[in-house]
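Since the structure of chain A is already known, use the hints to place chain B on it.
These protein sequences, in sequence, are chains A and B. Note that the working numbering gives residue 212 to position 212 of the first sequence, counting from 1, and the numbers run on in steps of one. So the working numbering is basically just the index in the second sequence, starting at one, shifted up by 250.
If you're looking for bench data, these hints aren't it; they were derived computationally from the structure. None of the hints are false.
Derived DSSO-like pairs (lysine-lysine); straight-line CA-CA distance at most 27 Å:
#, chain 1, residue 1, chain 2, residue 2
1, A, Lys-89, A, Lys-156
2, B, Lys-304, A, Lys-238
3, B, Lys-291, A, Lys-238
4, B, Lys-291, B, Lys-304
Computed from a prediction, not measured in an experiment: that's the story for all the values here.
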Amino acid sequence: MNIKMPKWFYQLASPKWSYDIMGMLMPWFGLAALLLLVTGIVWGLMFAPPDYQQGNSYRIIYIHVPSAILAQSCFMLMAVAGIIGMVWKMKVAHIVAKSAAPIGASMTIIALSTGAIWGKPTWGAWWVWDARLTSMLILLFLYLGIIALYSAFSNKASGDQAASILTLVGVVNIPIIKYSVEWWNTLHQPASFTLTKKPAMPPEMWVPLLIMVLGYYCFFAYVLMARTRIELLEREHKSGWVTALLTDTP
Amino acid sequence: MGYFANFSDFINMGGHALYVWLSYGITLVIFGYNLLAIWLKKRAFFTFAKRQLKREQRNYDA
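Only chain B is shown next, with the shape it has when bound in the complex:
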């Protein structure tokens, strides 16, 4: 385990577990949100654009 003797030492972070894991947790959540936001933005656009396209085609056909 690199610098740590075992897994529980690694989790414990020399008594600084709360600080280390909280920071990494927040960072992970914010990175994840950035990726999720791309997906949501993409889906919103395609839903809107396809509906618009259908409406235009219907108007054209009529």
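Only chain A is shown next, with the shape it has when bound in the complex:
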């Protein structure tokens, strides 16, 4: 395949260039994440009005919905990175996908556990085999399988290849998660945010939620870049730029 891509795309293929640019961007995402998350949590816990049916237990929404959104976005990012890695033989793309997997898995764990805790006062049960819950549980197993595959091979390139294939197969689960609340009319409520409709909540409730979603994305970007940079160092530890970096730092 021979598709002409913009210059920055090829620059991304350079481990040193990626390492440097991520080092520059990282602190800004870290700072934005801190500000957004603190604002969102204080607003959501103290200033947003209680729900007329659920009372204060609905405040779990501010950590539950962003983690569920991010768990799915992270998987899609891994699928795109996996394709780029396989089509253009781009090592950096595989490293990004590998670094994203544990973060995605932890977001899925947050979504599942806070959902279970929220389910108890709202539905009367910690867990039900609802379509949304089940497809999210499958997402967690996919993440764990992908993480295991990355480290199951002594040859890193084989691990990258195998994990990317599982990611591409697993990505069919993402539309299933998204439409599960429409296809199977079970307990879980429909999406809080859609691009086409106005939220069903008043702004005092959804503005802090939006802030939390942005905060989660910035936190994700920060952790992803930090992990990617270390992984780049590990894989490139024999190359000149890493040796230079090691001799420079005491």
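Using the frame of chain A, we list chain B on its own:
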């Protein structure tokens, strides 16, 4: 205190304290773990790489 009359009302969360604080606690722990993992991974790499570099230099000198 925003929507709550006082601090103990805020902690009580209208009787849902257990659910709300447990969820936020778990989330905090998992976010914290993500940050800790970066630090551990970084330290492991630098310990390994510096030892490797020293060994190579010793071999070169000899």
